[in-house]
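There are 4 protein chains.
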Amino acid sequence: MTSEPVRDLAHLSHVEVLTPKPEESLWYFRDVLGMEVSGESGDSVYLRGFGDYERASLKLTAAAQAGVGHLAYRTVSPEALERRVAALAGAEGEWLEGDLGHGPAYSFLDPDGHRLELYYESERYEPPAELKPALKNQPQRYTGRGVGVRHLDHVNFLAVDPGANRAFCESGLGLRLTEQIVLDDGSEAGVWLAAGQKSYDLTYTRDATGTRGRFHHAAFFVDQREDVLRAADIFLENGIVMESGPHKHAIQQTFFLYTWEPGGNRIEVCAGGYLIFDPAHEPVVWTQAERAKGQAWGMQTVASFHIKGTPPVPQEDELLAAH
Amino acid sequence: MTSEPVRDLAHLSHVEVLTPKPEESLWYFRDVLGMEVSGESGDSVYLRGFGDYERASLKLTAAAQAGVGHLAYRTVSPEALERRVAALAGAEGEWLEGDLGHGPAYSFLDPDGHRLELYYESERYEPPAELKPALKNQPQRYTGRGVGVRHLDHVNFLAVDPGANRAFCESGLGLRLTEQIVLDDGSEAGVWLAAGQKSYDLTYTRDATGTRGRFHHAAFFVDQREDVLRAADIFLENGIVMESGPHKHAIQQTFFLYTWEPGGNRIEVCAGGYLIFDPAHEPVVWTQAERAKGQAWGMQTVASFHIKGTPPVPQEDELLAAH
Amino acid sequence: MTSEPVRDLAHLSHVEVLTPKPEESLWYFRDVLGMEVSGESGDSVYLRGFGDYERASLKLTAAAQAGVGHLAYRTVSPEALERRVAALAGAEGEWLEGDLGHGPAYSFLDPDGHRLELYYESERYEPPAELKPALKNQPQRYTGRGVGVRHLDHVNFLAVDPGANRAFCESGLGLRLTEQIVLDDGSEAGVWLAAGQKSYDLTYTRDATGTRGRFHHAAFFVDQREDVLRAADIFLENGIVMESGPHKHAIQQTFFLYTWEPGGNRIEVCAGGYLIFDPAHEPVVWTQAERAKGQAWGMQTVASFHIKGTPPVPQEDELLAAH
Amino acid sequence: MTSEPVRDLAHLSHVEVLTPKPEESLWYFRDVLGMEVSGESGDSVYLRGFGDYERASLKLTAAAQAGVGHLAYRTVSPEALERRVAALAGAEGEWLEGDLGHGPAYSFLDPDGHRLELYYESERYEPPAELKPALKNQPQRYTGRGVGVRHLDHVNFLAVDPGANRAFCESGLGLRLTEQIVLDDGSEAGVWLAAGQKSYDLTYTRDATGTRGRFHHAAFFVDQREDVLRAADIFLENGIVMESGPHKHAIQQTFFLYTWEPGGNRIEVCAGGYLIFDPAHEPVVWTQAERAKGQAWGMQTVASFHIKGTPPVPQEDELLAAH
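Residue numbers (the numbering used here), protein chains in the order written: chain A, 9 to 331; chain B, 9 to 331; chain C, 9 to 331; chain D, 9 to 331.
Please note that a few of the clues may not be correct.
Chain copies aren't distinguished; within one or between two, either way the pair holds.
[Stated by the list, open to error] Result set (DSBU-like, lysine-lysine): computed pairs, CA atoms no more than 35 Å apart in a straight line: (1) Lys140 x Lys29; (2) Lys140 x Lys301; (3) Lys144 x Lys301.
By construction, these hints were calculated from the structure, which means they are not laboratory data.
Can you build the whole structure from these sequences, using the hints too?
Structure below.
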């Protein structure tokens, strides 16, 4: 007996990144990644990739510390939004009036303390004259400046208990688990979740410092693996520190490159991966032993990748020193 | 007032291509495109790309003439299959027992006379030892032989009236119109339809010969545009005639390369394109004048592209001669 | 009995392109191709690719008509320069004082009337602070702006008699013939010549209008074929007309894309090709029949490619109309 | 006062690799790298890339231990060969009769004890019918099997004193030093040498074990960085261990991927790098501090890269354990 798959969320929509160095961070996202500024409000600047159909996929907000303000999904319909709010009854959420680019949003916390928002009403982006695309099936001109990212691809949160967050996202949001790491003790060290056919858009991996509510990274998509290599050349010329990559993940097969933006957050440029067409897709489970093999082509994951997040916490230093 | 989007079809699943030269066609798909044989039955050989999660995405059947036998979509659930069969009540379909790799299928004709099938029960592909992948999130080994296509991407039918077929696919199948060509007289010269977030998987373009039920092409996907260029080098070395490309379509932005397989059917290798995340996506409409501009980077579409299909008909020659 | 190969010329160094629209042309080379301005003098602006070790590979000069002012090769040594001047005794050349970036140059005309220069003394480029590269084995920073060409690759002149110019370049300059088109009547319709291991840097193809001294195109190099595809996307967004490509030449196997810069000159972005390591390389000869097959992957060469040059002449219109 | 550059060597021609597992090594080079067997003789099999104009660039010889038998350069002329033999008077070389594919060769040892050969007479490769290329300017068909390497790119020897070998190659062979590592104590830890415009074809790096005559790696060239990424996918599927990469070298900027072939030798697949056009190129000198920064995009070089060579020596294990 089959129960029909829940698909109330349309897609990961945007992420609010906090930065203690707003000008330098803005330079990174606009001049190096090649995003466009599409709005400003208070301490926040809104940015977008050339392929984002909504106004913004990144809200960059000045703050005392690096980290994430919130993450938002758009639902497939107003009715779907209502269904999700009902399903999230226990999460003590609240309605917000909306923000630049979208309408009323339901805001709540995941079990680890990250803030999420759901909304349906959205403003379809209309580019100004200088950003009109040559092809009308593209939301905005590809400017050829910097890396030139297309859209927000996924967000990775750290969590004390990834499994608890996975269960919350499945039941509360109707996200689908596509891959996961299950350790020998049965606990989940990492979970990859998807709203649609992209194989993931939200990830939780275990916080080695035992801290709640931290941000691991956000990833922006480029079309070709060669674009990631070109991004590495651009980061090099701009003095941006690359934590690891370019390389191919074993999990999800994403071709990745991790950098530190000037505000201290980890930002990824990625390509590749795969689409999941199977409506009854069984999650791919990676064991502790398989995970120990490193990335797809043999690179050992750097220690900082398992430890560092934003905001930074003192335990990071101890753990890194222990390596 | 919003009505919720219908999403009963999960994805384009497979296409049955007819060939009067079965051995040469098999060589093309297996040795040049790099697909794997995953079954045989009667006059048919079943083939797959390394990323197909089902047993086969291509059924290659010996026949007197080139063309398409049928095209199949998998539904998202058994219930969705029932809903679709009910919605197709007027199409005079019938139930088939199923085929190698999938269960019972509902078979019917589109308004132009192409045979389509819907099914839900599907066999998840289990590779033999020599095709076991190194990464468990990949259905099959990437062998490095020939072009190395990942999966079936889309099918393009010719039709006397693309608009009528578009309406049928929207109401009968719940497919979503994503792009279309509307001529100055209001008629639809081409329609692009999608089941999921891929921007299209089924296309109807006007048959210049006025013939019903013909096949324009099927396309197989590779990950990188560079893979398409490499495919062109491989086709060149194998004496495969390339009709046009590599180039980028204005419509859908697919990076394409069209070849003639030895049996006479047009087969495309493609990359790129874009995903549609917007649940309320408005179809992109191209006018007659916009269409006359040629492809994205300026290449004029070759005359044969608008005229030739399979099975071939005498009118093709007259029309080509008139160019 | 072998005579040792002559290798007095080190490499194609720069080309002076004439433009009746200097501001628009400057925009094309600087903002779209991504070259850097490295000097100005009189009506000329000097530009460079990020990989050029000399000051400039392009001298862009305001003029009444499009075309080429001159083309320059650097010799391998002062002695080689003397040898070449002696070998060019009959060419009625003259010594020039030098130009921004290089020392005294010997200036002369090829049999078709194009002006060439040879020099040895050269200024090694020192980038200003904002263009310092991250890696010291690179002459200049890769900025990530626009196409981002590495260096001047080759120049193609039109000529009434390519064979006569080929003979002149072999004996007078010590260039090596690497490929050529020999028609059924024995005449040479195209010749490709090289100073070093790059398979060509100077080409003469027959001027269909029978005019002397015209310019067909100059080509700038990018590292990857994907960079050429990306260039096409950038040209598209900037409204630059692409005459043909991206595609692969049968002759020389260069992956090419031809555009019209705003001043009216044909400019190519190219990648690929091959190196010639054989010191006794035999020229590859293409017959009329082989040439008629079109480009490597089957594209028929557009008529304008065989007819149009700069400066434009009235005969072009007649010939194009006749097609 | 300039002395004219010496350019008696045309190019690195081939390398003889020794293997204790000849069948497995042959599988690696033929089926995984995609090279073609072009001859057999005694315990040796000769292989070639699709772009090699000579018969073979690899002689694979069964032996008790992994390592290199010899490495060969072709001279630009018979006279150049005579000049080099005269310049090598002190090296106690001897004339060999020649080998499959080339004529008489002068054989000698470099200061570290590696065997080198020089020859001029060479057999131009004529492909058998099944390997005839579609384009006549290509020595052999590109088969689309495996990685598909174009030609031998460079060889890296380990040496107790790289500087002594550099001096020998400059004076004895007329090779040009293009880049080098000079440590704080003034000693040379690595030297990169070139015969022509490719920025290097022979490298000596310090042997951390203090052993003479060892082999670090040989590299085969592919045209695109994407081809290296595709190679990594193919190695992964074939169970070939990748030591490091894909990544970009700071020195020489080569995009690299190091593997262990089954016989125990390190084999690289590479792309990119740059050409040196400057006839008076000054070597790029890297300091100890610059070298400590790791590779271009930040990857720290793995310890084994500095220690392991063929034949293996017991000191390797001690040094690796000390890391």
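Cross-check of the supplied hints:
For the homomeric pair Lys140 and Lys29, the shortest alpha-carbon distances inside one copy (31 Å) and between copies (25 Å) are both at most 35 Å. Within a single copy, Lys140 and Lys301 get their C-alpha atoms only as close as 46 Å, which misses the 35 Å cut-off; across copies the closest is 18 Å, which meets it. For the identical chains of this complex, Lys144 and Lys301 are inter-copy neighbours only, at 13 Å across copies versus 45 Å inside a copy, given an alpha-carbon limit of 35 Å.
Of the numbered hints given earlier, the model fails none.
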